[in-house]
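Visitor: Residue numbers (my numbering), protein chains in the order written: chain A, 0 to 332; chain B, 0 to 332; chain C, 0 to 332; chain D, 0 to 332.
Think of the hints as simulated: they come from the structure by calculation, not from any bench.
There are no misleading hints in this set.
Note: identical chains are not told apart, hence a pair may lie in one copy or across any two.
Here are the simulated SDA-like cross-link-like pairs (lysine to any residue), alpha carbons at most 25 Å apart as the crow flies:
id, residue 1, residue 2
1, Lys-286, Ser-249
2, Lys-189, Glu-246
3, Lys-288, His-247
4, Lys-288, Ala-250
4 protein chains.
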Amino acid sequence: MPGSSFGESLRLTTFGESHGPAMGAVVDGMPAGIPVALDELQAALDRRRPGRLSATTGRIEGDRAEYLSGIFEGRTLGTPIAVIVRNTDARPSDYDELRTEYRPGHADRSTVLKHGFRDHRGGGRASGRETVGRVIGGYFAQRLLPAACRVTAWIESLGPFRSLPDAERGRYGMRGVDDDRIEAYLAELKASGESVGALIACTIDQPPTGLGEPVFHKLKSDLARAVMSVGAVTAFEYGLGHGFGAEHGSAVTQTESNFGGIEGGISTGERIRFGCVVRPPSTVGEKAKAGRHDPCIAPRVLPVIEAMALLVLADHLLRQAAIDRFQPRPLSP
Amino acid sequence: MPGSSFGESLRLTTFGESHGPAMGAVVDGMPAGIPVALDELQAALDRRRPGRLSATTGRIEGDRAEYLSGIFEGRTLGTPIAVIVRNTDARPSDYDELRTEYRPGHADRSTVLKHGFRDHRGGGRASGRETVGRVIGGYFAQRLLPAACRVTAWIESLGPFRSLPDAERGRYGMRGVDDDRIEAYLAELKASGESVGALIACTIDQPPTGLGEPVFHKLKSDLARAVMSVGAVTAFEYGLGHGFGAEHGSAVTQTESNFGGIEGGISTGERIRFGCVVRPPSTVGEKAKAGRHDPCIAPRVLPVIEAMALLVLADHLLRQAAIDRFQPRPLSP
Amino acid sequence: MPGSSFGESLRLTTFGESHGPAMGAVVDGMPAGIPVALDELQAALDRRRPGRLSATTGRIEGDRAEYLSGIFEGRTLGTPIAVIVRNTDARPSDYDELRTEYRPGHADRSTVLKHGFRDHRGGGRASGRETVGRVIGGYFAQRLLPAACRVTAWIESLGPFRSLPDAERGRYGMRGVDDDRIEAYLAELKASGESVGALIACTIDQPPTGLGEPVFHKLKSDLARAVMSVGAVTAFEYGLGHGFGAEHGSAVTQTESNFGGIEGGISTGERIRFGCVVRPPSTVGEKAKAGRHDPCIAPRVLPVIEAMALLVLADHLLRQAAIDRFQPRPLSP
Amino acid sequence: MPGSSFGESLRLTTFGESHGPAMGAVVDGMPAGIPVALDELQAALDRRRPGRLSATTGRIEGDRAEYLSGIFEGRTLGTPIAVIVRNTDARPSDYDELRTEYRPGHADRSTVLKHGFRDHRGGGRASGRETVGRVIGGYFAQRLLPAACRVTAWIESLGPFRSLPDAERGRYGMRGVDDDRIEAYLAELKASGESVGALIACTIDQPPTGLGEPVFHKLKSDLARAVMSVGAVTAFEYGLGHGFGAEHGSAVTQTESNFGGIEGGISTGERIRFGCVVRPPSTVGEKAKAGRHDPCIAPRVLPVIEAMALLVLADHLLRQAAIDRFQPRPLSP
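So that you can see chain A by itself, here it is in the shape it has in the complex (with noise of 0.2 Å):
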């Protein structure tokens, strides 16, 4: 299966460089008849928006999704559903001297190790543009789930900053911390020509029960490589995770919710817990200073963490809806 597809039974593909015409994406597999609303759409793409925080790249873009196909009268047709959003404030020229030049970290040596040709413009799919499709994905994937099945990424912790268990999420995706405080803290960064990490946290509130294949497609394994083909994420964990691995039997088993939400790779039913890491962006110093780079990625991400995890739900929940035609589960097991 070439690259730039997701799933199987809710297949996403989606498509566009960031300095072509359009970002865009089709979710193939949505059943008929389910309600979906263009403005919502639009609200969840506004999220991933950069220009949208103070400290954030000074890329303005509209990001209007403009809807092509699979959509009538306000439901799905069961048909894919194509929506394009227009690259409309792509700067070539701000890019001429990258067509000789690799940047660490990104794609550029990569792709043309791969291909042998690339467009030196920018990213091209490596972009962070690219996300663009990936929350198109999700929104459509969200309504396919139950609406008490909740996904919440937010930032656990950044720089100096570590969030509150149980406070509100702010601006910025941290919890119980002072917006203002992170921002002048981004601020900084930024004019220092310096970038930082942080580690994500996400729990899926009342998923489906029985999502996940024992084997290859266990729930934890696709989302884990959901979350880590997201382009800076490094690291991947779910329930006590990293923290496995300095434990012993006795103590873990002690508390159910360790399992993260996950037994032998499927779903329980229980609050789905994983988290993962976003590396600091590779572009420091004066060109960090100077571009249009956010000098941590983190508060963009959080949708698009989001959008992973629904897509890998709805996947999955299409599967097991046909399992569940042919066998009902037992209503108390």
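Starting from the known structure of chain A, fit chains B, C and D onto it as the hints suggest.
Guide: What follows is chains B, C and D alone, placed relative to chain A:
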């Protein structure tokens, strides 16, 4: 795609329940004419066998590989390669009490949630025994890769022990740690009905360049899914991994190796390094003392982690081989 | 997707060369709890066995199905079902001359064109013997379909004979034609080193409604691919089929059954009718007299055609089951 | 795999309803650096346009291809190529009566059976307009094939006309038949509210060798599925095809070309020949006189048949390219 197949161009399909007649693997997509040797495959299987190490589960399985198809006169035919391993030591009576009991951290409960029906005699497909098929697949994947490409996993930390860089890998898969000390520690755990987790590291030396695709099938995401699909693995990282979360960009970009041999999701030819965490087995207490259970599964998991990495590399190599044919990569990038 | 897998939601993977140790099939994606019976599967295999009919190839194969996984206490487990059949009657010495000889109409030459290497002892994967795996898959597919849905193939014409509508299907798979007359005709062909083609028809009574997808996976196109993948089949049609080519619209639209139970690629619930052509075996002359070759393969192909249709129906049914769960179809359309 | 994607290594995903905003296609898996030209693509689209021929449907569509991604400086980037075509001439009011009416031979009724919901304004995905996406895909597939490989479809018979072998293909896609006579015949049909079917033939000259896989993905079965997925096609054959059904082996094996350039499912490099049947459009009578309906769709279907064959060849070529890399085929087999 149903859950027991892995890979696109090189596809591994595994089958077999821990207490059924046999485990097996079908490897489809291998080019023809590749030399293979059943004794090498047998040696790979022997590495994952329980009972090989004194402190591990008492179940002694011959695990003799029986070849059924796809090989002729010592070379692959380009047709599906099928290999089975009989289950000779299953003692179903050991498991009678499990007909109505769900073990924590196992798939017992979630399998019923999913299917409404299960084989109570053991883990079924969720048993560690399913990794037999992964090791078979890994052997054939390795035959496809360049001889210079070497995949090596070891235990980075286990209980009180830490591996030493560059030291030799011992019988238990740790580097520079005395095997007798590990054996004594594991025997003690076993005697007290306790278990422990571990950190595993893996390097890929001299990987082919250009492997991985920019968006959903980045090499890092396919490695993550592959490794996280192994039963007890709860976390994955590559390059600096978790370390990136608290790092500044200026520190990270100084050393190229921090990117773990993968840029923009595509291999650069430099050494790839990833790590994962295995949780402590959840069978503890009196049952762990009496039954055939490992106090730590990390030593047996090492060949499985290597097999999964080999499968990902070989699958991507086949895809890249097709691309190369149309657009030869420059010799000196 | 490598070439030996068929289906998306219900996936059949087959393996085995005609002169290797065994043929086999893995069926993945079956829901759990479906009752299955090995003796029914054996009966299905017996129908395709050569040597069953006096005029067919002299090779007597036991073709005893051996179950390896996926079934417990007479019901499916929801895990991959693996079944193998040993090759007991292979006599490689019969084929020594074929090491350097390419038989016309066989895969001998094209396999070398593809792979540069082959098992010269027989057809390898291109042998009619690979249909063992298809029949195994078809059995399990049938278990998934509603009991009322019946797939029936027969020989419409063979040499001088024509089937009679509504007559009983005889031992050779023709309707209303005396078996002894067919047997005498085939024996005569065999004695003279001659072979003959045939027309096959197949009906699907009471198919589930809504199967098929509007564009590339229309039910008619998936049936066509399935049936055309059988070795000797050279043509496929459904509904009026070839007859449509010379027809006027006013004539066609008068009878709904002309559309063959499929409209817009989707089953309507009415009887589906399709047909196919098998070419005469290309082994003729002295070799055909001496060897173990059928003068007409149509009688043995019937259960294979049925199996392929069953696999297509069951695969689409699983997909439609998922859609139904989200958007129940109206009871009276 | 949801229904609007085609191919494994080269994957075409199409979208768009006949009365929605746009039709589109995403082609993923193209190697980088392949020269492409939008005006060539436009010319391919123009061939399938209705209104091009005087007797065909009056609906005039600009069908202007708009490129969105995957191409840079006239060459492919190795990323998904997205092209859309706006629907400029949809007149939904023409279709109001269809909200509650099902046209025979269309997908109207079966779509409701499947989804319980549809866009009543037209055929939706089942409209002939979806072939826009196929023609887009076929153009890029052709760019991947060797220049010497040529795919040519023509009308073998239509109403009272028969093509002459080796004659030139006229405006209506028949060989050696005067275009004016065909035009007059079609105009007469239209005037009387009648329609007619046709037989189509297609040759593939100088195909790459080794394409196709031995069991389920034989070249003939993938061609069959591709061609049968086109809306109005009701039969497929290759080589002698239907003729084989009444033939003796001794007659068939004398001419190699009887096997249609495919042996054992794999291309031999010889000319491949296949045929198909298109049924008469089911809109007849007063509606056919008044509306924008073709009396015979064969002339417009020709580029679609060619596109589907090109997609199958290019998809298999990519797979074979990978195999070649590992086991170069002998130059003189």
